[in-house]
Amino acid sequence: MTMSNDNQNTRVIVGMSGGVDSSVTALLLKQQGYDVIGIFMKNWDDTDEFGHCTAEDDAEDVRRVCEQLDIPYYTVNFEKEYFDKVFSYFLDEYKSGRTPNPDVMCNREIKFGEFLNKALDLGADYVATGHYARLIQEDGTYKLLRGVDNNKDQTYFLNALNQEQLSRAMFPIGHLPKPEVRRIAEEAGLYTAKKKDSTGVCFIGERNFKEFLSGYLPAKSGDMVDIESGEIKGRHDGLMYYTLGQRQGLGIGGSGNGQPWFVADKDLEKNILYVVQGDKHPSMYSTGLIATGVNWIAGNDHVPNAPYHCTAKFRYRQPDQGVTLTWREDGTVHVKFDQEQKAITPGQAVVFYDGDVCLGGGTIDIVEKVAAAAGSPA
Numbered sequence: 001m002t003m004s005n006d007n008q009n010t011r012v013i014v015g016m017s018g019g020v021d022s023s024v025t026a027l028l029l030k031q032q033g034y035d036v037i038g039i040f041m042k043n044w045d046d047t048d049e050f051g052h053c054t055a056e057d058d059a060e061d062v063r064r065v066c067e068q069l070d071i072p073y074y075t076v077n078f079e080k081e082y083f084d085k086v087f088s089y090f091l092d093e094y095k096s097g098r099t100p101n102p103d104v105m106c107n108r109e110i111k112f113g114e115f116l117n118k119a120l121d122l123g124a125d126y127v128a129t130g131h132y133a134r135l136i137q138e139d140g141t142y143k144l145l146r147g148v149d150n151n152k153d154q155t156y157f158l159n160a161l162n163q164e165q166l167s168r169a170m171f172p173i174g175h176l177p178k179p180e181v182r183r184i185a186e187e188a189g190l191y192t193a194k195k196k197d198s199t200g201v202c203f204i205g206e207r208n209f210k211e212f213l214s215g216y217l218p219a220k221s222g223d224m225v226d227i228e229s230g231e232i233k234g235r236h237d238g239l240m241y242y243t244l245g246q247r248q249g250l251g252i253g254g255s256g257n258g259q260p261w262f263v264a265d266k267d268l269e270k271n272i273l274y275v276v277q278g279d280k281h282p283s284m285y286s287t288g289l290i291a292t293g294v295n296w297i298a299g300n301d302h303v304p305n306a307p308y309h310c311t312a313k314f315r316y317r318q319p320d321q322g323v324t325l326t327w328r329e330d331g332t333v334h335v336k337f338d339q340e341q342k343a344i345t346p347g348q349a350v351v352f353y354d355g356d357v358c359l360g361g362g363t364i365d366i367v368e369k370v371a372a373a374a375g376s377p378a
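Residue numbers (the UniProt record's numbering): 1 to 378.
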């Protein structure tokens, strides 16, 4: 990142969640002499049945940290924008029988969309977040690199960002391992130093996922069918509640060969959930996929010639897998796997890498299965 030598004239607005990562982000920038402002984004009304709102607790933690650091802080409300641009997408994908990744959309549309625009209105030169990622600039192009802590690297969720967004971004903790971030917070006496990391989808929180989703989408039960024999094994509660490769919550005993049952496929038209015994069945594996909405971080002018070999992740924290990319005339990308992959899930992100550089990514649309057994919709 190219910076002014005089950091005090460079305004950086930090997206603060009330967690330790964004707290240390603000601390480091303050120590480096930047003009730092903290902003808490309220993206969801998560008031529970007892009238308690965890966002209020988080906002209070932001206030305490900003007062410790002696920096100004504000709260901005993006609930409408979040609902329109992220949550509506989330519901539409589940309605279509897919399993979406709202974090990717939130980063593109809210944190580096609405929030970035608000920060620029407030005179910011940059926005900073507590993401575990790094940025470098080479030959006028911003490159997004993995965070040095492989267990915390968040480039998977940042794959949809473009050059304009990255030119205004800072990731001050991307070069640090998580334990070091905790240590810095504790040494500085930050109020959030020992606060537990948040997990899961922000708008669901600690609630039961099935109960939450049923409040927005009507569930339609149907048959649970053995993909091998076509035999009905039970009933499902609604296709939207299941994801490919899922084992828990099927309610089928280990009959037959005694192995556990897994979700192998969904047929939205017939409302059938296909299951298979054992996770080694060919119906669980695929040789490639078609990705839509592919974003190439370096820009369309830097898209390499096909076929292009790189690595990819199909889910967060998965080890990199070798793939070959081919661009298709309709704007989609064909991704051929070096080795067969298990439980590739439509709606999830496929993210491409060249070493530590995150090249971009897209949404998994069509999965090319190894085999379609008797009873399969394919």
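Do not rely on the hints blindly, as some may be mistaken.
What the hints assert, rightly or not - Now the in silico label distances, taken between C-beta atoms and shown as ranges:
1. E180 - G123: 56 to 64 Å
2. Q248 - E329: 38 to 46 Å
3. E329 - D354: 19 to 27 Å
4. D121 - S198: 25 to 33 Å
As the list claims (entries may be wrong) - Within a straight-line C-alpha distance of at most 25 Å, the following computed PhoX-like cross-link-like pairs (lysine-lysine) qualify:
5. K195 - K95
6. K194 - K220
7. K194 - K30
Read the hints as simulated data drawn from the structure, not as lab findings.
Remember, predicted model here, so these are calculated numbers, not experimental data.
Note that beta-carbon positions come from the ideal geometry of N, C-alpha and C, so glycine has one too.
Could you tell me which of the hints above the structure violates, numbers in ascending order?
The structure breaks hints 1, 5 and 6; every other hint is satisfied.
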